[in-house]
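J.: The primary structure of each chain is shown beneath.
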Amino acid sequence: MLSRDGISGLVCLATSAVLLTQTFGLPPATVVPIGPAFYPRVVLSILGLLSVILIVLDFRAMRTASAPAAAPTAGPPPNYRLVLATFIEFGLYILLLPPLGFRIATFLFVLSLQVTLEWPRSTKHWLLAIAVAAATSLICYLVFQDYLSLLLPRGTWSNM
Amino acid sequence: MNHYELLLTHMGTVLHLQYLVPLLVGTIAGVIGGALPGVTITMTVIVVLPFTFGLDPLQGLAAMIGVYVGGSAGGSITASLIGIPGTPSAVATTFDGFPMTKKGEAGRSVWVGVWSAFIGGALGGLCLIELTGPFASLALAFGPWEFFSLFVFALSMVAGLVGRSVTKGLLSGAIGLAVTIIGPDPILGVQRFTMGIHPLEGGFDFLPVLIGIFAFAQLMPDVEQLNAYDPTKAVAATKLSLKVSHLSVFWDILCRPFILLWCTFIGIVIGVLPAIGGSAANIMAYDQAKKFSKRPEKFGTGIPEGIMASESSNSANVAGSLMMIMAFGIPGDAVTAVMMGALTIHGIQPGPLFISQHPKIAYGIYAAYLVALPLMVAVIWAGSRAWMRIIMMPKSMLIPIVLVLCVIGAYALSNSMKDVYVLALFCVIGYAMVKARIPLAPLILGVVLGDQIEANLIQAVSTDANPWLFITRPISGAMLAASVLSIGLAVWQHRRETKRRAAAAAEEEDTDF
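Residue numbers (this note's numbering), protein chains in the order written: chain F, 1 to 160; chain Y, 1001 to 1513.
One chain only, chain F, in its complex shape (with noise of 0.2 Å):
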């Protein structure tokens, strides 16, 4: 089985041949000697060469039986749950700005994922997550919208 190194060179030989692909239905050149498709596909089959140089690699050293195992990680294993977790809070929280607007979503964001990251263990620090969440989306929507006149979203739902 291919480890990290052949699977991402398989991703990016698949991404550099769908597009390399795409590059011949680019118009000819025609005002300057090389047209819009001549730059692409060079960097494309740069790309493409360079991930099969890194599966060939990743064959080579799975082949090689004498290759020293992989020492083992020091320190814990990493939580991917939370990583998981914070992608889907990150990405609901892009999500949401439109609607819910700046303020609203900026506090639902920042509240939850820092109840998801470490959970409040007494009322006290509830109240903290809690101020540091109102804190962050007050003082950013005052000093970039008031301040630095920068435009935040305003909510189509809410309105705020």
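A few of these clues could be false.
As the list claims (entries may be wrong) - Computed, partial: chain Y to chain F, Cβ under 7 Å:
#1 Phe-1053
#2 Thr-1167
#3 Leu-1177
#4 Ala-1178
#5 Val-1223
#6 Leu-1226
#7 Met-1392
#8 Ser-1396
#9 Ala-1412
#10 Ser-1414
In short, the hints are calculated from the structure, not lab data. Note that beta-carbon positions come from the ideal geometry of N, C-alpha and C, so glycine has one too.
Take the given structure of chain F and dock chain Y to it, following the hints.
T.: Positioned in the frame of chain F, the structure of chain Y alone reads:
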């Protein structure tokens, strides 16, 4: 007005509150960001970026220069006090800084680092002021062939030097170039690879890509290990006293002039080389200081030479990076890449004409850099009691705030959600690359230079269709030869290292039996 009169005039400008406040705020943010383990200078400059959109270009740049200078020195505080480098550019500071702290000399450990950074930075600043102009004049003699070859050289060198695998480095650079081919072509505006998706028709803006790539790539490793952090070390460090005689610290540094000058020189050279940055400069300088020392066996036991080497090179590296962006328009590292993005938002293109077309900003950068150095010392001195408490700020609180600022940074670029979706896409790609152990720096340089490589290629071929000119023109040919050489050298070094490791592993196996 001559060179130094202009500099003095702009020093006066930067000392006005209008510029001094952003510079000071940037320096404070830089010191804190640099000192917080896991929050790098790149992350801090990304967080500061949205605050600069509403400011004039020099105000914004002053804030970013403050972050850069403050962050370079801030990383040494945690490196010295708790043995965890605040930034990758302070790794070598832990080798002697932490042992010195354990010997009961916490103040000396921190301040040897800070004053070395100050002196190294000042010497670097002198080079920045003196050499940027001549470099820019040299770049003015470049035609499209030379620029094309220079950009290819920069990319190949970064791809070869960053990370453990040359193939992955080059692959990362190629991915960066591939990002830039999506959207309109530079001559006719023909849409390429947009797949009918309307928001892709403008291509990818560089800043949301950069913010996305670095945001999750740098924060998620902290999330993975969130509950494994042992705060007892940091709690113990809050009780340390940083009181020290600054005269004796100065004597510690000035009685070792060779190490100071040599490591500063290494820092500047590494800064000039594209996208390598302080993370390589401090290790190389430490290694050089050890090689030239009369007492190499003492390195790692808590001697000032080790801290000086790391911090002076690290600080001087900032000047080298600024020189490269101002003279050639090539970012020395991710921080200057963000600065370049901020400049382009204001319609300013860094490169050979930058100093002559925008003297106010160019001299403002010099002045802000020189003013940031004493500010950095003052900020660290004034906050010496508070730093350890700030460093202990829970990651669960910090990460959501940083992510919100990343979203604002992307959204504020064009007041549209399109850039936020691009940010989200590249957050996933950045984290996937970290897990695949593919270095990020070549990708960023590829994204920054991709359009310029294509534009110069087309311009060169349109001027003269003879492709051999890329090789027969001396500077262009030399750059392309250097590109091939740097990749060849990187492959050779990698193979040698692999063989050495295999031999060491075999030897270890023999001793087991």
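J.: It remains to establish, for every hint, whether it holds in the given structure.
T.: Here's how the hints hold up against the structure:
1. Phe-1053: holds, 6 Å
2. Thr-1167: At about 5 Å, which falls below the 7 Å cut-off, the nearest Cβ of chain F leaves the hint on Y/Thr-1167 intact, so it holds.
3. Leu-1177: holds, 5 Å
4. Ala-1178: holds, 6 Å
5. Val-1223: Hint holds; Y/Val-1223 Cβ to chain F Cβ min 5 Å, cut 7 Å.
6. Leu-1226: Holds. Min distance 6 Å.
7. Met-1392: violated, 14 Å
8. Ser-1396: holds, 4 Å
9. Ala-1412: This hint holds: Y/Ala-1412 lies near chain F, its Cβ roughly 5 Å from the closest one there, short of 7 Å.
10. Ser-1414: violated, 11 Å
Checked against the numbered hints listed earlier, the structure breaks hints 7, 10; every other hint is satisfied.
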